[in-house]
Structures are given as structure tokens and as C-alpha cells.
Amino acid sequence: MNELRDWTLEQEGIVYQACRTCEARWYFERCFCPHCGTAEPLRSQASGRGTVYSVTTIHRAPTDAMREHTPYTIVLIDTDEGFRMMGHGAADLRIGETVRAGYRAITGKLMPFFDREQQ
Amino acid sequence: MSWITGVGLTRFGKLPGSTTIDLMSDAAALAIADAGLERRDIDGVICGYSTTLPHLMLATVFAEHFGIAPRYAHCVQMGGATGFGMAMLAHELISAGTVRNMLVVAGENRLTGQSRDSTVQTLAQVGHPRYEVPLGPTIPSYYALLASRYMYEFGIGPANLAELAVLMRRHAGMHPGAQLTEPITVDDVLASKPIALPLRIMDCCPVSDGGAAFVLSRSRTNEFGVRILGAGQAHRHQHISALGDMAATGAAEAMSRAIGQTSFKVRDARYLAIYDSFTITLCMLLEELGVAERGRAAARAREGRFNHDGSLPLNTHGGLLSYGHCGVGGALAHLVETHLQMTGRAGTRQVKDASVALLHGDGGVLSSHVSLILEQLQ
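Residue numbers (the working numbering), protein chains in the order written: chain X, 7 to 125; chain Y, 67 to 444.
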């Protein structure tokens, strides 16, 4: 368990959860399955691969720290594992493109940054 | 059964020196007078939250200040859906016989009572605190993510969304209380400052000071004859990362619950009051509610269908996009305008027939939905 890397804990990786009894997979951590209620779901390391579901480029930032990075691009990714997540992304990403997660320190915090897979 | 016996609405915009409690009091006094009632007739209060006065017991704070001693009072918190959510709750409580005359009120000095940075930061907190907010998104960016995907799926572009901003501005130009009244064109919207592309500043509602209120009563107190016939909600997700199908956010589900309590269908509507925090919000709601075909809301707007003199008038006060958005009072302004239209008091904006109205509001990122059906009896 402790070997899993989770960007929300300042580690280079994405963690998701899966139910032990039903087919559900999800992103926001819980100690039960939000679909069927089964306790102690599995935690797994995601591949970081996925498809761009949507994209926006932010010009008006919420904080002074983020303002230094404007414009920056926020994406929703449908991961290969089947859950959807938010991350940063390359400025020219388009919906439907396949991407892979890298990690960048933005405002001093590690964040997932999605870009096209290198050939 | 419940009757909207009176409404009150302040001007929206920059109202320096005003406080949440002042704006609530002004709107409440207007609504009670409009109902032909006295303060002592009010036996229930439901109020909306205020980001500039985040008190644990705002309804009681207000009641004490205003000088009433209701038998029922509390605050409601459903983001942008709060206004119509309060109306639904008041309707249920009136129907249950809990109170006779419920004052529903909201006000906030959201524009002058805090810095714009503070507003943007507070609102962004509807995102997930661990998985979304640290990335630096904003409320406009959540809706921009909806907009990008919705445009991709249904084949529309920014110029289509802009039509709805132009329409709201045209309506606001006929209302003396509106915040933004200078006419705009589609090109103006497309050339306006980028906020979270594809959304630009003119795709976004302004931040406002303002207050709005209404009185819901068990019996008619005057000749108005406006009643709530049906109300419904739906809540399918909170965060945009957890939104499933972009074409089924819960709006249609809420409307079907509300309209199922009446003998009407969506096509029987004569007037529309639809939440319009962003152009994409209005577009997606009009289409999910079945008022316009998928991808066609903007085309219908361009044809004049939603004009005050069109076949299905929409937000004739200018909506959040141009009348303004002071928080919870923003959606209540839609309800006040509906009442003025139903009772023939909308002046130069008066529509021919507003006898059956559909109202719909959303909170969060199309997360919380409330629909209301109003009918006017002669």
C-alpha cells in the first residue's frame, strides 16, 4: 500500500480505487464503494494514460500564486483505467487526443501535467 | 398549494455602503408591502447564505434586525440553486400548514463587500478540495470545461453561446434596475477579455450587490393570483470530475418531477426563467429541459423566440448575465420578474402572455437542480 505514489501527497503518481465486489472504479478517495457500499476498496496506481475529455485555458487565476502562471490549461482526462480526473495540460491539447501524465511543480506544488505521448 | 402574494427586488450593481442585512431588509420590506401584509403577518423566514456575512444563523440574525418573531426560520445553502430551492421548501411548508406567510429573502453586497479575488477564491471552493482546487481552477473554468465538451459534442461554437449574452443584454436594457445595460453584439462578446477559454468576460455574469425577496402564502392576499403548482429537484454529482453524461446533468429529471405534479407539459410554457450564470449554463439548460433542440438554443435565440415579444420570452429582466448576480438573490430576481410578468406589471418589458411559467436553477457545476412551475389565475 505504502508504495503507491499520489500527486495529492506530493508524489509523482495517480491513485484510484476499485471495488472488491462490483465493477466500480473511482478517483476521489473513500473507505467504501460509492456504488454498492462495500468496505475497504482496493487502491491502485494508474498508468497516467488517457484521453482528453475537455479542456480550458485560464486567463483569470484565482490566486496571486497562480496568476504568475497564466494563461494555463486545465484538462479533464478520461483515464485508461476508467475514471475521470482533472489536471494541467499542454496549451494546444484538443478533445479526443490521447495523453500521458507527467509532473510539474506549479506554485511549488507537484501537479499532474498531461501531454501527448512521445513517439 | 401556495400563492406568491408579493415580490421585492432592489437595483443590482455597485451599491456602496450596503450590507447583506440592509439589502435583505430592503427587499423584504418591498415584498411584504407588495403582498399587502404587515410585518407581524410573516410567521416564517427562509433566507439564503451570504459570502460576505457567513453567519451560522443568518435567518435569525435577519429576523431580529428586521423586527419579526417567526415560528419557523433558517438559512438554505444550495449554491446557485438556493433561490428556487428556498421557493420549493416554502411551497412544501405552506402546503403542509407549517406557516401561513413565508418570507423568502436573500441579499448580499458581493461586489463592494469584498475584493474580487476573494469572491473568485470563495466560489472556486465548490471544486474538490484535494483533487481539483489545488490545481488552480475557477468557477468560470469549470463551466468552460462544460462548454468545450458541449460544443464538441453538439457542433456549436463560441458565436452561438454569444447570442445568449446579446439577448440577456437586450432585455436588461429595458429594466431600470439592471447592472449592465449597454447593448452588445456577438462580435463584442467574441472580442471581450478571455477568462477561461472558450468563455470570455461577456459569457460570464457580473458580480453584484443586490437583494430580492418574495412572500409565499397559504391564501391569496390580493388580486395577483400567482401560485406554485409544482416543484422538483435532482442532485447527481457535486464536482465536475464526477459529472457523468453532459447531456443529462439532472435538469430534465428535476423538471420532470416538477411538471409531473401539474397537468402541464414543457410545451405549455408561456414564459421561461432559467439560470444563466454563464452563456453555456443557459444553453445547456434550455436544451436539456427540452425548450430547444440539442445544439439549437442559440439559433432559437437569434430567431427572436426568447425575446420579450417572442413566442417564449426568457429572463426578460436580463438574467444573471446582465441584470446581475449578487449570489442567492440572483435567481430570486428571475422569480420576481416572472411574477411581474404574470401580473402585468413589467412595463415596457411586458410580455403578451405569461400565464404558465417554467423556472429552473442550478448550483455548483450543474450539480444541484431545482425546477418550479408557476401558474397565474385571473
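Hints were generated in silico from the structure; no laboratory data involved. Since the structure is predicted, the reported quantities are computational estimates derived from the model, not experimental observations. Heads up, a few of these hints could be off.
Per label pair, the in silico range of CB-to-CB distance [what the hints assert, rightly or not]:
(1) D311(Y) / L48(X): 52 to 58 Å
(2) Q327(Y) / R55(X): 27 to 33 Å
(3) G43(X) / Q180(Y): 49 to 55 Å
(4) R49(X) / T164(Y): 44 to 50 Å
(5) G361(Y) / L48(X): 23 to 29 Å
(6) D419(Y) / L15(X): 35 to 41 Å
(7) A313(Y) / R122(X): 25 to 31 Å
(8) T44(X) / G413(Y): 39 to 45 Å
(9) D419(Y) / R55(X): 52 to 58 Å
(10) R49(X) / R166(Y): 53 to 59 Å
(11) E9(X) / H303(Y): 30 to 36 Å
(12) R105(Y) / A71(X): 44 to 50 Å
We put the CB at the ideal spot given by N, CA and C, even for glycine.
A quick look at each hint next to the structure:
no. : hint                          : verdict
1   : D311(Y) / L48(X): 52 to 58 Å  : violated, 26 Å
2   : Q327(Y) / R55(X): 27 to 33 Å  : violated, 47 Å
3   : G43(X) / Q180(Y): 49 to 55 Å  : violated, 41 Å
4   : R49(X) / T164(Y): 44 to 50 Å  : holds, 47 Å
5   : G361(Y) / L48(X): 23 to 29 Å  : violated, 40 Å
6   : D419(Y) / L15(X): 35 to 41 Å  : violated, 59 Å
7   : A313(Y) / R122(X): 25 to 31 Å : holds, 28 Å
8   : T44(X) / G413(Y): 39 to 45 Å  : violated, 60 Å
9   : D419(Y) / R55(X): 52 to 58 Å  : holds, 56 Å
10  : R49(X) / R166(Y): 53 to 59 Å  : holds, 55 Å
11  : E9(X) / H303(Y): 30 to 36 Å   : holds, 31 Å
12  : R105(Y) / A71(X): 44 to 50 Å  : holds, 48 Å
The structure is inconsistent with the numbered hints 1, 2, 3, 5, 6 and 8, although it conforms to all the rest.
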